[in-house]
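Chemist: Sequence:
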Amino acid sequence: MKILHIANFGFNKQGAHFYCTDRKISAGLIENGHFVYDFSFRDMARMGTIFKTKKLGANWANKEVLKVVNNIEPDLVLIGHSDLMSPDVLRQIKESYPNTKIAFWYVDPLYLESKLGFVKAFSPFLDAIFCTTGGEYLQKLKQPHLSVAYLPNVGHRNVETLQQFSNSKTDKTFIFCGVVYKEPEREKFLKDLADALQQGHVNYQYYGCFEQPGVYGKAYYKVLSETKMGLNYSRRNDVTLYSSDRIVQLTGNGLLTFSPRIPGFEKLYSEQEVVYFDDQFDLAKKIQFFDQNPEQAEKIAKEGWEKTRKSFNAKRITQFMVEVTFKQPLSENYEWSHEVYA
Numbered sequence: 001m002k003i004l005h006i007a008n009f010g011f012n013k014q015g016a017h018f019y020c021t022d023r024k025i026s027a028g029l030i031e032n033g034h035f036v037y038d039f040s041f042r043d044m045a046r047m048g049t050i051f052k053t054k055k056l057g058a059n060w061a062n063k064e065v066l067k068v069v070n071n072i073e074p075d076l077v078l079i080g081h082s083d084l085m086s087p088d089v090l091r092q093i094k095e096s097y098p099n100t101k102i103a104f105w106y107v108d109p110l111y112l113e114s115k116l117g118f119v120k121a122f123s124p125f126l127d128a129i130f131c132t133t134g135g136e137y138l139q140k141l142k143q144p145h146l147s148v149a150y151l152p153n154v155g156h157r158n159v160e161t162l163q164q165f166s167n168s169k170t171d172k173t174f175i176f177c178g179v180v181y182k183e184p185e186r187e188k189f190l191k192d193l194a195d196a197l198q199q200g201h202v203n204y205q206y207y208g209c210f211e212q213p214g215v216y217g218k219a220y221y222k223v224l225s226e227t228k229m230g231l232n233y234s235r236r237n238d239v240t241l242y243s244s245d246r247i248v249q250l251t252g253n254g255l256l257t258f259s260p261r262i263p264g265f266e267k268l269y270s271e272q273e274v275v276y277f278d279d280q281f282d283l284a285k286k287i288q289f290f291d292q293n294p295e296q297a298e299k300i301a302k303e304g305w306e307k308t309r310k311s312f313n314a315k316r317i318t319q320f321m322v323e324v325t326f327k328q329p330l331s332e333n334y335e336w337s338h339e340v341y342a
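Note that the sequence shown covers residues 1 to 342 in full-length UniProt numbering.
Worth flagging that the hints you see were computed from the coordinates, not collected in a lab. Hints are supplied without guarantee of correctness; some may be wrong.
What the hints assert, rightly or not - Think about it this way: if two alpha-carbon atoms lie no more than 20 angstroms apart in a straight line, the pair counts; the simulated DMTMM-like pairs of lysine to aspartate or glutamate are:
no., residue 1, residue 2
1, Lys120, Asp83
2, Lys55, Glu73
3, Lys315, Glu295
4, Lys267, Glu136
5, Lys315, Glu335
6, Lys101, Glu64
7, Lys101, Asp75
8, Lys67, Asp108
9, Lys188, Asp238
10, Lys267, Asp195
11, Lys142, Glu323
12, Lys13, Asp88
13, Lys142, Asp195
14, Lys101, Glu113
15, Lys299, Glu332
16, Lys285, Asp195
17, Lys302, Glu266
18, Lys169, Asp108
19, Lys169, Asp291
20, Lys267, Glu183
21, Lys267, Glu303
22, Lys310, Glu298
23, Lys172, Asp83
24, Lys63, Asp43
25, Lys286, Glu303
26, Lys315, Asp38
27, Lys101, Asp83
28, Lys302, Asp291
29, Lys267, Glu226
30, Lys169, Glu295
31, Lys94, Asp83
32, Lys315, Asp245
33, Lys172, Glu298
34, Lys101, Asp38
35, Lys307, Asp282
36, Lys188, Asp88
As the list claims (entries may be wrong) - Simulated DEER-style distance windows between Cβ atoms:
no., residue 1, residue 2, range
37, Pro294, Glu113, 35 to 45 angstroms
38, Glu266, Lys140, 21 to 31 angstroms
39, Gly214, Lys115, 15 to 25 angstroms
Please read all numbers here as calculations on a predicted model, not as lab measurements. No residue lacks a Cβ here, since even glycine has one placed at the ideal position from N, Cα and C.
Starting from the given sequences, assemble the full structure and let the hints guide the process.
Modeler: Here it is in structure tokens:
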């Protein structure tokens, strides 16, 4: 099958975000035997004007999409985010190539509903939508002509390459990579946790918050390679099945991963695969426990790594996406198949 994958591949980041979802999805589709033509919409938009600004160049990039479609005549147009795309482009694709399916994937949280205007504008021309949020927020996107489905965060064995559960030469016990977003509750959580870890003499490090610089690209992987445990903690942790992609970056690299009790998340990762906590004080106690019990930490970290490799790899997830988009019977008992609304 020929697939045009329109996403934000971030050429202007010079590879600093090589572990992001866009490329993993393309890789998974190729592993499933498809031809994939990548189109980086924002980068193309910047090329479309001498000012190198994506908004001014969006009109040119939209025209380029139609040229690519006319040259390839894809079986599937798969769109990731790409909020500067014109819905009229999708309309023209459907009119010119009625057998071409159009699907859309989205990894930002759906509870930020003010950002969803472009998704709703796309929806009359879509055959399927895939989101990393489940439950009621996902169901709101359902329309009679349109299938909506949960999308797990995507891992890939050639991106998440570490096996930290078997690394005995780490120099950090615990890390968190993320920002505070000027949210008092999140700030308090992280400060309370830091205080508790200091009192417990746990070697920890934050990146991207409290005046500590963020780490990206190989620098991020160097940090992961020096660490035993990590925190999966999103802006909100009370939304069905929603997590940032930290979950696969941590588990997929073999770190013992701690996560709040996200609704429904135990259907994806059991308590034998990640460590769930109730609040920052419960988390601090569990970090100290596993720091003092390395064999138990290694066992859970390895189980989490194996789960990400087995269940949340790009090949399996993109197979699911194709099956839902083309209304094919699901070929596997996917752990998240209860969140498909066809």
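Chemist: Hints first: check each against the structure and report whether it holds.
Modeler: Each hint tested on the structure:
no.: 1; hint: Lys120 <-> Asp83; in the structure: 11 angstroms, holds
no.: 2; hint: Lys55 <-> Glu73; in the structure: 27 angstroms, violated
no.: 3; hint: Lys315 <-> Glu295; in the structure: 31 angstroms, violated
no.: 4; hint: Lys267 <-> Glu136; in the structure: 17 angstroms, holds
no.: 5; hint: Lys315 <-> Glu335; in the structure: 15 angstroms, holds
no.: 6; hint: Lys101 <-> Glu64; in the structure: 19 angstroms, holds
no.: 7; hint: Lys101 <-> Asp75; in the structure: 6 angstroms, holds
no.: 8; hint: Lys67 <-> Asp108; in the structure: 29 angstroms, violated
no.: 9; hint: Lys188 <-> Asp238; in the structure: 17 angstroms, holds
no.: 10; hint: Lys267 <-> Asp195; in the structure: 32 angstroms, violated
no.: 11; hint: Lys142 <-> Glu323; in the structure: 17 angstroms, holds
no.: 12; hint: Lys13 <-> Asp88; in the structure: 29 angstroms, violated
no.: 13; hint: Lys142 <-> Asp195; in the structure: 45 angstroms, violated
no.: 14; hint: Lys101 <-> Glu113; in the structure: 26 angstroms, violated
no.: 15; hint: Lys299 <-> Glu332; in the structure: 27 angstroms, violated
no.: 16; hint: Lys285 <-> Asp195; in the structure: 12 angstroms, holds
no.: 17; hint: Lys302 <-> Glu266; in the structure: 17 angstroms, holds
no.: 18; hint: Lys169 <-> Asp108; in the structure: 35 angstroms, violated
no.: 19; hint: Lys169 <-> Asp291; in the structure: 14 angstroms, holds
no.: 20; hint: Lys267 <-> Glu183; in the structure: 29 angstroms, violated
no.: 21; hint: Lys267 <-> Glu303; in the structure: 15 angstroms, holds
no.: 22; hint: Lys310 <-> Glu298; in the structure: 18 angstroms, holds
no.: 23; hint: Lys172 <-> Asp83; in the structure: 39 angstroms, violated
no.: 24; hint: Lys63 <-> Asp43; in the structure: 14 angstroms, holds
no.: 25; hint: Lys286 <-> Glu303; in the structure: 17 angstroms, holds
no.: 26; hint: Lys315 <-> Asp38; in the structure: 17 angstroms, holds
no.: 27; hint: Lys101 <-> Asp83; in the structure: 19 angstroms, holds
no.: 28; hint: Lys302 <-> Asp291; in the structure: 15 angstroms, holds
no.: 29; hint: Lys267 <-> Glu226; in the structure: 30 angstroms, violated
no.: 30; hint: Lys169 <-> Glu295; in the structure: 15 angstroms, holds
no.: 31; hint: Lys94 <-> Asp83; in the structure: 19 angstroms, holds
no.: 32; hint: Lys315 <-> Asp245; in the structure: 17 angstroms, holds
no.: 33; hint: Lys172 <-> Glu298; in the structure: 15 angstroms, holds
no.: 34; hint: Lys101 <-> Asp38; in the structure: 16 angstroms, holds
no.: 35; hint: Lys307 <-> Asp282; in the structure: 24 angstroms, violated
no.: 36; hint: Lys188 <-> Asp88; in the structure: 45 angstroms, violated
no.: 37; hint: Pro294 <-> Glu113: 35 to 45 angstroms; in the structure: 44 angstroms, holds
no.: 38; hint: Glu266 <-> Lys140: 21 to 31 angstroms; in the structure: 24 angstroms, holds
no.: 39; hint: Gly214 <-> Lys115: 15 to 25 angstroms; in the structure: 22 angstroms, holds
In summary, the numbered hints that this structure violates are 2, 3, 8, 10, 12, 13, 14, 15, 18, 20, 23, 29, 35, 36.
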